[in-house]
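Quick note, the sequences are listed as chains X and L, same order. Quick note on numbering: the first sequence equals residues 2 to 548 in my numbering. Quick note on numbering: the second sequence equals residues 471 to 773 in my numbering.
If a hint is listed, it holds; no wrong ones were tucked in.
Distance condition first, Cα-Cα at most 30 Å in a straight line; then the derived DSSO-like pairs of lysine-lysine: (1) 411(X) with 632(L); (2) 632(L) with 464(X); (3) 484(X) with 345(X); (4) 107(X) with 484(X); (5) 311(X) with 632(L); (6) 632(L) with 418(X).
Across the chosen pairs, the derived CB separations fall in these ranges: (7) 379(X) with 550(L): 36 to 44 Å; (8) 316(X) with 681(L): 54 to 62 Å; (9) 232(X) with 603(L): 42 to 50 Å; (10) 381(X) with 618(L): 36 to 44 Å; (11) 381(X) with 550(L): 30 to 38 Å.
No lab work stands behind these hints: they were computed from the structure. We treat Cβ as the ideally placed atom computed from N, Cα and C, and that holds for glycine.
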Amino acid sequence: MIKKQRLLFLFILSIALFFILAACNKDTQSESEGSGNAEGENKASEGEASGDKILVFGRGADSIQLDPSKVTDGESIYVTNQIYDTLVRYEEESTEVKPALATEWKVSEDGKVWTFQLRDDVKFHDGNDFTAEDVVFNFERWTTSAEFVYYGYMFGASEDNMKGIIEKVEATGDYEVTFTLSEPNAPFLYTLAMPPFGIASSKAVEEHGEDYFKNPVGTGPFTFEEWLPDDKITLKKNPDYFGEPANVDQVVFRVIPDNGARFMELQAGSIDLMMGLNPQDIATAEGDDNLQIIRRPSMNVSYMAMNTDKEGPLADKLVRQAVNLAIDKEQLISLYEGIGKAAKNPIPPSLWGFNDDVEDYGYDVEEAKALLAEAGYADGFEITLYTFANPRPYMPQPKVTAQAIQEMLKEVNIKVKIVENDWDSHLDATENGKHDMAFLGWTGDNGDPDNFMYVLLDKDNAKMGSAGNIAFYKSDEVHDLLKEAQVEMDQEKRTALYMKAQEIIHDDAPWFPIAHTTPPLAAKKSIVNYVPHPTGSEPFNLLDIQE
Amino acid sequence: MAIQPNPVTDPGIDAVDKNVQIKGQRLWVDALTRIIKSKTSLIGLCIILLLIITAIFAPIIATHSTTDQSIVNRYQPPSSEHILGTDELGRDIFSRIVYGTRISIQIGVISVGISLVIGVLLGGLAGYFGRWVDQIIMRIIDIMMAFPSILLAIALVAVLGKSLTNAMIAVGLVGIPQFARIVRATVLSVKETEYIEAARSIGAKHRRILFQHVLPNSLAPIIVQATLGIGTAILDAAGLSFLGLGAQPPTPEWGAMLSDGRAALQTAPWVVAFPGLAIFLVVLGFNLFGDGLRDALDPRLKR
Numbered sequence: 002m003i004k005k006q007r008l009l010f011l012f013i014l015s016i017a018l019f020f021i022l023a024a025c026n027k028d029t030q031s032e033s034e035g036s037g038n039a040e041g042e043n044k045a046s047e048g049e050a051s052g053d054k055i056l057v058f059g060r061g062a063d064s065i066q067l068d069p070s071k072v073t074d075g076e077s078i079y080v081t082n083q084i085y086d087t088l089v090r091y092e093e094e095s096t097e098v099k100p101a102l103a104t105e106w107k108v109s110e111d112g113k114v115w116t117f118q119l120r121d122d123v124k125f126h127d128g129n130d131f132t133a134e135d136v137v138f139n140f141e142r143w144t145t146s147a148e149f150v151y152y153g154y155m156f157g158a159s160e161d162n163m164k165g166i167i168e169k170v171e172a173t174g175d176y177e178v179t180f181t182l183s184e185p186n187a188p189f190l191y192t193l194a195m196p197p198f199g200i201a202s203s204k205a206v207e208e209h210g211e212d213y214f215k216n217p218v219g220t221g222p223f224t225f226e227e228w229l230p231d232d233k234i235t236l237k238k239n240p241d242y243f244g245e246p247a248n249v250d251q252v253v254f255r256v257i258p259d260n261g262a263r264f265m266e267l268q269a270g271s272i273d274l275m276m277g278l279n280p281q282d283i284a285t286a287e288g289d290d291n292l293q294i295i296r297r298p299s300m301n302v303s304y305m306a307m308n309t310d311k312e313g314p315l316a317d318k319l320v321r322q323a324v325n326l327a328i329d330k331e332q333l334i335s336l337y338e339g340i341g342k343a344a345k346n347p348i349p350p351s352l353w354g355f356n357d358d359v360e361d362y363g364y365d366v367e368e369a370k371a372l373l374a375e376a377g378y379a380d381g382f383e384i385t386l387y388t389f390a391n392p393r394p395y396m397p398q399p400k401v402t403a404q405a406i407q408e409m410l411k412e413v414n415i416k417v418k419i420v421e422n423d424w425d426s427h428l429d430a431t432e433n434g435k436h437d438m439a440f441l442g443w444t445g446d447n448g449d450p451d452n453f454m455y456v457l458l459d460k461d462n463a464k465m466g467s468a469g470n471i472a473f474y475k476s477d478e479v480h481d482l483l484k485e486a487q488v489e490m491d492q493e494k495r496t497a498l499y500m501k502a503q504e505i506i507h508d509d510a511p512w513f514p515i516a517h518t519t520p521p522l523a524a525k526k527s528i529v530n531y532v533p534h535p536t537g538s539e540p541f542n543l544l545d546i547q548e
Numbered sequence: 471m472a473i474q475p476n477p478v479t480d481p482g483i484d485a486v487d488k489n490v491q492i493k494g495q496r497l498w499v500d501a502l503t504r505i506i507k508s509k510t511s512l513i514g515l516c517i518i519l520l521l522i523i524t525a526i527f528a529p530i531i532a533t534h535s536t537t538d539q540s541i542v543n544r545y546q547p548p549s550s551e552h553i554l555g556t557d558e559l560g561r562d563i564f565s566r567i568v569y570g571t572r573i574s575i576q577i578g579v580i581s582v583g584i585s586l587v588i589g590v591l592l593g594g595l596a597g598y599f600g601r602w603v604d605q606i607i608m609r610i611i612d613i614m615m616a617f618p619s620i621l622l623a624i625a626l627v628a629v630l631g632k633s634l635t636n637a638m639i640a641v642g643l644v645g646i647p648q649f650a651r652i653v654r655a656t657v658l659s660v661k662e663t664e665y666i667e668a669a670r671s672i673g674a675k676h677r678r679i680l681f682q683h684v685l686p687n688s689l690a691p692i693i694v695q696a697t698l699g700i701g702t703a704i705l706d707a708a709g710l711s712f713l714g715l716g717a718q719p720p721t722p723e724w725g726a727m728l729s730d731g732r733a734a735l736q737t738a739p740w741v742v743a744f745p746g747l748a749i750f751l752v753v754l755g756f757n758l759f760g761d762g763l764r765d766a767l768d769p770r771l772k773r
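I would like the entire structure built from these sequences, with the hints used as guidance.
What follows is the structure, encoded as structure tokens:
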């Protein structure tokens, strides 16, 4: 990784010089464009030779694990979404659910017992039949350890109650499975469609044990082929897929850490589709006859969490409010170069339950100073801001954004030290509460406000070491509201509860909410039928490459 | 009066020293003449002088503050207001580059200082004493040379923590082997000369011989290596800063400027072009001057 970045440094240094030379000699430039095309042709001819349609997908960071139940990061989910199926699945463009491994389902009057009829014609990639026993095996596996983070986030499992709200999962027939919940759970069905709850082959999990995360076996449209860490992951088409079989024969996920370098590869034709486009490059891509911009519908939030649990100034609500007042959000948003809208709540406005009556703090340095003085910090203090090196869909320029905040907070005598880490070290550091302030973001998984509010701001998820709530915000009032909203089945009543919770959160200010983005993807014009899903990833079986 | 075991020693050595000094002065005057005569090394010298003057007078030369941001004015192309344009946060690139010279000089001098002191000491000891001292020191140096220098520097920074100071220390430590090997080689040849033999025969101590006679006469290659080393050190430190391991924001370090500006590589190339050009020029300057110096100090080239 570091070696690669070193090369990148030399590369950019030489590009910098190249621009200077290019200014003197226009011919140099056209020559280099020529060589770019040649590279593209090379790749195309390779593909033709084998007669395979290969989709090369460029992205900024590698997957952490290919066992989706153990991860929360988008880069892992992107790949596992191709390999696994869930009981139910989201519609192509929304978070409504449709049948997948389960063909139909019913729920008891009290909302506690769910019965699913399963498909009887599905085989895992390892050749074993998919049965109700596999579903039971997976759900039981997820209750065996806190490693299965999403299970904990979504079903409220904790160390004293590893099962959370799912009391039992039984195979009530070869192809029928019954869930008994301890309390009704409104988002339950939607949650089951989330990629982390993809059903793995029980035989493969037992066979590989600890190493299962790099030998994934599911039922999805693609089978796992090879993983070269920090380089690429190769998947092959699953010809026996029960749904719509894939149009491409192979998908290669390539890691190209730098957004600009990745875009240049797309221009040169060595990759077909990429996420993490620098917003500055959108215009360039739109002006290119061979490229297209595809925008993912917005369902995310980026924020700066303030560690309320650590002793120091940020434990004081007044200081957190002052930080909110001291940052000029409008200016900050312009660093998103048109792909972001200012955020004032933890959930995006496209989601039901969004409280538009909450009024954002606004930019007021004088008031910020007054609040700091009231809290006894008129002379300011020093503080860390943790940020990450690889751009994320919800935050295209983390380091630059951090520097902008550093300079703005200087006005109110808060001296910010920026700590930049790689993506996985950043997650590790923030989950363990090493930071004072930290950037992070979230892309919704199931279209339910619970998935934002409970995961990111409930005290249940402020556990050291696996925190989704990296502000370590522990409000009992908010907890009660969120818990109530989980068991309430009536959406109107739930909306009211979430509205109230947003007001409290706004006042307690555990976050400085930054933006909701519409992340751009760039692709060759030949890529068709690609519909990005609001949850941040989607299976590639419908996508096709036109000759 | 105490007994003086060897009353003639000191004046004798002083006399030798004076001769060496006169010879030494001639050498430097010759060298300077040759540098001025050689065009490439004169260019190198000019670049270095320009760098030093810019660093000293940075507050006068710079037109803006290095940290004041104006996000609405980001990515402005060069204009009369901003001679080299503005960067991703609307900061003045010219002023940042001007202040960056101070950091680059600091990096060059401190890193090379570290390499020089430790390297000369180790190389001198190894060359002068030979045998097992030589064996131990040079095997350690061999081990250090087996690592690619930037990887070793990255590893050192990872251990020491990310900061400009630690980057300078890391780059300095990584440069030790170069100095140690050059000094050892020179010392090996100098210690066989007659004046060293003479000093030894009149009973001078090892320390005196090493520091008064051997090392001063090995100075030429050390100076050449130091000059070339400054260029390498600046480049390596810029590399570390590019990776986020060196200068921390908002320090206007050139490598960090390259790193932060790269998102707009295609739309606002001046954001990376000018810091890149600055690194290029300074490293070129030190390399040209270093090469010229090597030629000038080489006695075989004397006509």
